[in-house]
Amino acid sequence: MKLKRFSYPYLLWLGIFVAIPLVLVLYFAFTTGDSQNFGEFQFSLDNFKRFFTPIYMKVLIRSVNLAFISTVITLILGYPMALIISKEKPSKRNMMILMFVIPMWMNFLLRTYAWLTLLGRNGLINTLITKIGLKPLDLMYNDKAVLLGMVYNFLPFMVLPIFSVLTKIDQGLIEAAEDLGASRIQTFIKVIFPLSISGVITGITMVFVPAMSTFVISSLLGGNKSSLIGNIIEQQFRYTGDWHFGSSMSIILMIFILITMGLTSKFDKDKEGGGGLW
Amino acid sequence: MVEKSIKRIYTFLIFMFLYAPIIVLIIFSFNNSKSRGVWNGFTLKWYIELFKDREILKALYNTLLIAISSSIISTILGTFAAIGIYNMNGIFKKIILNLNYLPVLNPDILTAVSLMALFRFSKLEFGLFTMLLSHITFCVPYVILSILPKLKQMNIYLYEAAMDLGATPFYALRKVIIPQIMPGIITGGLMAFTLSIDDFVISFFNTGHGVSNLSIAIYSMARRGINPVINALSTLMFISMLILLFTINKRNDKDLIEGGR
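From first to last, the protein sequence lines are chains A and B. Letter by letter, the first sequence follows residues 1 to 278 in full-length UniProt numbering. Letter by letter, the second sequence follows residues 1 to 261 in full-length UniProt numbering.
Derived from the structure by calculation, the hints contain no laboratory data. Mixed in with the good hints, there may be bad ones.
[Said to hold, decoys possible] When the alpha-carbon atoms are kept at most 30 angstroms apart in a straight line, the in silico BS3-like pairs for lysine-lysine are as follows: (1) A:190 - B:250; (2) B:7 - A:4; (3) A:89 - B:7; (4) A:87 - B:250; (5) B:4 - A:2; (6) B:152 - A:4.
[As the list claims (entries may be wrong)] Partial pick of chain B residues on the chain A-facing surface, computed with a CB cut under 8 angstroms: (7) 21; (8) 157; (9) 218.
As the structure is a computational prediction, the values presented were derived from the model and not from experiment. No residue lacks a Cβ here, since even glycine has one placed at the ideal position from N, Cα and C.
Sequences are here, hints too, so could you generate the full structure?
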């Protein structure tokens, strides 16, 4: 089995570009000092202490809050959609799924930017509103706009995994429930929904994780008023240059994401993970 | 009947929600006015301006350069890695596969800042080269994940037969294994290409001063406010992504048919 050797270059690559960088972020998070002078770092927990001050806690709470609400909204909007699509004839079904995939492949910056055209002060919606004689609304640069951007960008991530699980459900089980006298609502609650839970779990993780870590949506649609944890990380790394604080924020973000994944996988009894996206 | 029409309306509304912004964006790229609310007649001037804009052309050049080179390198690296990983056993294989999954599962921003920390630590100058390295890093896992299923479908005895008949390992690899997993390799390469073109977050953190790709250019323009040139650019990018997507999809369908024989 000499074929094993073919992977050695990539193993080296994984070590250098995946493992070491994560260790470095950890190292940065627990030290302070001048980011330029690696020799003079000192161990400290100041970065984390600084994070637990009211300003940054507010940002964290807002991030978790917005990510949570957008996950709930995409679930409420997405589940019925997935259910409707899964009951269509195969040819129509594939067409509809393709229509969900297409916007996902469009650059997500552009998808977010597209909303500027609609929501802005002189945007299409406000133009229409003023035409019928009403005052223009402040649609942009608030949390609602950020939420809208999240739901818009991540809705397909919720629909696709749920859909792929729903189509795999044995139709015989549903027929059996109906034969045994269950109403359609009972069939849904007792049979269809429990069987689709792994898709729901995948969907929730696939929406919550990017929603929690985004900084593009909030900086384009939310302006300066609603910065999220992603914006703070961006600021620290790109502008302020406090890599230590930025790294500790990244670690906190990672912990939150791991907690979410841990919590959701607890509910996922069959551990199949919803069969992925495709 | 009522239920059916509710379903229809719901589906219609969801698709409206998904497509309305994109359609508005495309329509307004032909609008003869800088304002977004009013339609002032058809024009192609934003497209002409787009092709006159040096910064955007440079960004386009960078995007394609990075996408082509990172997809070629990550396809080669990933193909060998997949063959190697497939032939590993036990706990070591599991660790490698999980490590390989990290860039796929991690939020972009974490991959981005960790790579940034590495480049800063190794005192590399930020620019096209660091961008290329980071693109390879997040593309290879996808290449591997699209090749591994093809390796599982392969008949393993063919390789051994080739060796028994006197082929050198490299010759057997070239003549037996590679042709069989070719569909996976090409799909992986195309995927790497689209991912690289589409990437914003990782490029944004790992680029140097003044070096941008299309996504970074769009981001900095969009932050300055609306610009119809972005609409024109988005329209062109959307159409090229569609063409790419259909090519990949067609390939997958063909693979399915071939696999079903």
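Check whether the Cα positions of residue 87 of chain A and residue 250 of chain B lie no farther apart than 30 angstroms. Given that 30 angstroms is the threshold and the Cα spacing comes to 25 angstroms, the pair holds.
If you draw a straight line from the CA of residue 7 of chain B to the CA of residue 4 of chain A, is it 30 angstroms or shorter? Violated, at roughly 53 angstroms.
Next item in the hint list is residue 218 of chain B. Is there a CB on chain A closer than 8 angstroms to its CB? holds (5 angstroms)
Would the pair residue 4 of chain B and residue 2 of chain A pass a check requiring their Cα atoms to be no farther apart than 30 angstroms? Distance ~60 angstroms between residue 4 of chain B and residue 2 of chain A Cα, so the pair is violated.
Measuring from the C-beta of residue 21 of chain B to each C-beta in chain A, is the shortest one below 8 angstroms? holds (4 angstroms)
Do the alpha carbons of residue 89 of chain A and residue 7 of chain B lie within 30 angstroms of each other, as the hint requires? holds (14 angstroms)
Measure nothing beyond the straight line between the CA atoms of residue 152 of chain B and residue 4 of chain A; if it is 30 angstroms or shorter, mark the hint as holding. Given pair residue 152 of chain B, residue 4 of chain A holds - Cα atoms ~15 angstroms apart, limit 30 angstroms.
Hint validity - residue 157 of chain B Cβ closer than 8 angstroms to any chain A Cβ: This hint is violated: residue 157 of chain B lies away from chain A, its Cβ roughly 14 angstroms from the closest one there, beyond 8 angstroms.
What's the verdict on residue 190 of chain A and residue 250 of chain B, does the C-alpha distance respect the 30 angstroms limit or exceed it? violated (39 angstroms)
Consistency note: the structure conflicts with the earlier hints numbered 1, 2, 5, 8.
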